[in-house]
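K.L.:
Read top to bottom, the protein sequences are chains A and G.
Under numbering that gives the first Met the number 0, think of the first position of the first sequence as 0, with each following residue one higher.
Under numbering that gives the first Met the number 0, think of the first position of the second sequence as 0, with each following residue one higher.
Honestly, the hints are just simulated from the structure, not real lab data.
Treat the hints loosely; a few may be bogus.
[As the list claims (entries may be wrong)] Below, computed lysine to aspartate or glutamate pairings styled on EDC-like, alpha-carbon distance capped at 20 angstroms:
| hint | chain 1 | residue 1 | chain 2 | residue 2 |
| --- | --- | --- | --- | --- |
| 1 | A | 53 | G | 352 |
| 2 | A | 53 | G | 144 |
| 3 | G | 159 | A | 133 |
| 4 | G | 157 | A | 133 |
| 5 | G | 1 | A | 133 |
| 6 | G | 1 | A | 96 |
[As the list claims (entries may be wrong)] Which bits of chain G does chain A cover? Going by a derived footprint, with three or more residues having C-beta under 8 angstroms, they are:
| hint | stretch |
| --- | --- |
| 7 | 2-12 |
| 8 | 148-161 |
| 9 | 352-364 |
Glycine included, every Cβ here is placed at the ideal spot set by N, Cα and C.
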Amino acid sequence: MTRSIFYKEWIKTRLVWALLLAVNLGYAIYAILRLRYVYVHHDPLLIWNSWIFKGYTFYAYYEKLPLLTGILLAVAQFLPELLNRRMRLSLHLPMGEDRVVAAHLGVGLLLMALLFIPALLPMYAVAVAYFPPEFIGGMLTTSTPWILAGIAAYMFTAALLLEGRWFARIVLAIIAAASLRLFFQEILYSAYERILPVLIAWTALTFFIPLLSSQRFRKGI
Amino acid sequence: MKSIRFTALITLALTALVLFAHYGPEAWWMLFSESHRSPFINYSCISDDFVVSRVGEDGLIYESTKGEELDRAQAEALLPLFNASQLVQEGRMPTEIKGVNIDLSRLRHERSFLRLKPEEIDSSIVNLRPLFDNGTGRVELEEPDDFLRLGKSAEFIKAKGNSLDKGKSALFTDALNEAGFVFPASLVASNPSTRKAYDEGVYALDSEGKLFRIRLFAEEARIERVADSMSDADRDAFAAINVAFMSVQEQSNGRIRLLFLDEKGGVWLLVGKEYHPVRLPLGSYKPSEDDLMIRGDMLNYMATASGEGFVECIAFDRDFNLLDRYEEELPKDRDGLAAALADVIFPFALEFDSGKSSYLGFHVQKGSILSLPFYLVLALIVWGIRRARAVAK
Numbered sequence: 000m001t002r003s004i005f006y007k008e009w010i011k012t013r014l015v016w017a018l019l020l021a022v023n024l025g026y027a028i029y030a031i032l033r034l035r036y037v038y039v040h041h042d043p044l045l046i047w048n049s050w051i052f053k054g055y056t057f058y059a060y061y062e063k064l065p066l067l068t069g070i071l072l073a074v075a076q077f078l079p080e081l082l083n084r085r086m087r088l089s090l091h092l093p094m095g096e097d098r099v100v101a102a103h104l105g106v107g108l109l110l111m112a113l114l115f116i117p118a119l120l121p122m123y124a125v126a127v128a129y130f131p132p133e134f135i136g137g138m139l140t141t142s143t144p145w146i147l148a149g150i151a152a153y154m155f156t157a158a159l160l161l162e163g164r165w166f167a168r169i170v171l172a173i174i175a176a177a178s179l180r181l182f183f184q185e186i187l188y189s190a191y192e193r194i195l196p197v198l199i200a201w202t203a204l205t206f207f208i209p210l211l212s213s214q215r216f217r218k219g220i
Numbered sequence: 000m001k002s003i004r005f006t007a008l009i010t011l012a013l014t015a016l017v018l019f020a021h022y023g024p025e026a027w028w029m030l031f032s033e034s035h036r037s038p039f040i041n042y043s044c045i046s047d048d049f050v051v052s053r054v055g056e057d058g059l060i061y062e063s064t065k066g067e068e069l070d071r072a073q074a075e076a077l078l079p080l081f082n083a084s085q086l087v088q089e090g091r092m093p094t095e096i097k098g099v100n101i102d103l104s105r106l107r108h109e110r111s112f113l114r115l116k117p118e119e120i121d122s123s124i125v126n127l128r129p130l131f132d133n134g135t136g137r138v139e140l141e142e143p144d145d146f147l148r149l150g151k152s153a154e155f156i157k158a159k160g161n162s163l164d165k166g167k168s169a170l171f172t173d174a175l176n177e178a179g180f181v182f183p184a185s186l187v188a189s190n191p192s193t194r195k196a197y198d199e200g201v202y203a204l205d206s207e208g209k210l211f212r213i214r215l216f217a218e219e220a221r222i223e224r225v226a227d228s229m230s231d232a233d234r235d236a237f238a239a240i241n242v243a244f245m246s247v248q249e250q251s252n253g254r255i256r257l258l259f260l261d262e263k264g265g266v267w268l269l270v271g272k273e274y275h276p277v278r279l280p281l282g283s284y285k286p287s288e289d290d291l292m293i294r295g296d297m298l299n300y301m302a303t304a305s306g307e308g309f310v311e312c313i314a315f316d317r318d319f320n321l322l323d324r325y326e327e328e329l330p331k332d333r334d335g336l337a338a339a340l341a342d343v344i345f346p347f348a349l350e351f352d353s354g355k356s357s358y359l360g361f362h363v364q365k366g367s368i369l370s371l372p373f374y375l376v377l378a379l380i381v382w383g384i385r386r387a388r389a390v391a392k
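Sequences and hints are given; from them, build the entire structure.
P.N.:
Dropping the structure here:
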């Protein structure tokens, strides 16, 4: 049954997923080409100085894309279910309501991973060629909050779509917007290093929010 | 099913609470905070007293610490070394102060200015720094094409090609080992700027807490164990200090060479060719929260610490003997009725970016104990209204 859900979700979202993959890869390629261009036209010493002392990071172009990806993927996955009133049917599958929704979210997480990893890996590979290990460490702690924001945005969007009452939707939207803003503070690289474990834990907990919305949806609250 | 519901509700409730603690006070203080400009304080080598200038309703007000109001001309005359250009233009510049001939070029040479902010102390900047060659024969400092990493050994990483310069790395690792440096380095400091009067090089504490000065001179490694240049008394005193932070100084006269903090937040300077350690007896200064400024001229040095609600100044002679001290309590930007109400409305306030570090963190400020009765009364009112509505139905 789980495999069927995975297959159904793939059929439904593959077009949007392919578009998002193109956009994610496009941004990654742009960032890499931009880095090459900067290296061709500027002294590497200047680039390293700009990175170390002014916080220049070539991958910063990618910052908001995981957020957008998470939102669009959740919309692609759950909006058709709601518009076509298929979600109620899915919730009556014999595997149990929570497991059905969890399987849907699992598909979303897998698809997101398959969007973020192909975009991030080339950027990391290029960074290894141009910069020392300190840069790679900073890149990891700087870009992880963006990925977490994408995952949390996906969970909140799914919850908003599954939620049955407008008042609850508004409350969820406010909480989502206010929390996700905190993932994009404009400061020096590695700024999130000390709070990263808490952000990871919180993002993991957001998995339960769409499950709550689906319970309320089924009960008609 | 119940555990999912419980976990989700707890997650949402805690998130809402954290967001309220963060955005609530932020919005409150956007609305109610006031700006208070800290006074500018200088030490007068004429009156041997501090001159305080503060912004009043009709412009700058100058006064002595005894409350005597001064006009601008009087204040400038009391601070001739600070206002030299103006006094020279007006023909009021003394040629001698306290037996010292005032020569304008020497005056410029002897001026020093040091500043330390909390975010410099707690910074995420990586441990890669340029090591300038002081023996190139050029007037201006030239940027090297590599960066020094001091870890388990000395490594020079070339920016072009992102490769290790094995020869230079081995040269410095060997020279450091020979000088008694025990790897890995525990603390490293340098000034990466080329816009400075001269280059002090890199200062590094080894794993045993010994301080070394590392320089490159005509492609040669020059390593100096700082304690070796100190007097016996200074060496013993310095060995007892646990250095927690260092800031390399390159003032035009080269007197103050290193500003450092000990593990208790005490402020120290290493002064002169013999690296004489000088402790600045600041009482209120907290390095993680307050700003520090040190200024020097031909006759005096002055250290100013300023933070939320206070400014503290200490004046020294050229040999860092304490001359005078001035402290003033200042109105806080977040004070008065607004602060009292904020403490009740927000049982705790949470900031992620304190502005005092380049890292984000959880900076919690507790509110008032009155928050509890406030929210109890509020809950009772809501309960009462809901009950009244239910009865009416």
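K.L.:
Hint by hint, say whether it matches the structure.
P.N.:
Hint by hint, here is what the structure shows:
At roughly 18 angstroms between alpha-carbon atoms, residue 53/A and residue 352/G fall within 20 angstroms of each other, so this suggested pair holds. For a cut-off of 20 angstroms, the pair hint linking residue 53/A to residue 144/G stands: about 18 angstroms separates their Cα positions. For the proposed pair residue 159/G and residue 133/A, the alpha carbon gap of about 16 angstroms is at most 20 angstroms, so the pair holds. Of the supplied pair hints, the one linking residue 157/G and residue 133/A holds, its CA atoms being roughly 14 angstroms apart against a limit of 20 angstroms.
For the hint pairing residue 1/G with residue 133/A, the CA-to-CA distance comes to about 45 angstroms; that exceeds 20 angstroms, so the pair is violated. For the proposed pair residue 1/G and residue 96/A, the alpha carbon gap of about 13 angstroms is at most 20 angstroms, so the pair holds. With 7 residues having a beta carbon nearer than 8 angstroms to a beta carbon of chain A, the stretch 2-12 of chain G meets the requirement of three or more and the stated coverage holds. Coverage of the stretch 148-161 of chain G by chain A holds [criterion: at least 3 residues with CB-CB distance below 8 angstroms; count 6].
Check on the stretch 352-364 of chain G: 6 of its residues sit with their Cβ under 8 angstroms from a Cβ of chain A, so the three-residue criterion for coverage holds.
In summary, the structure is inconsistent with hint 5 from the numbered list given earlier, while agreeing with all the others.
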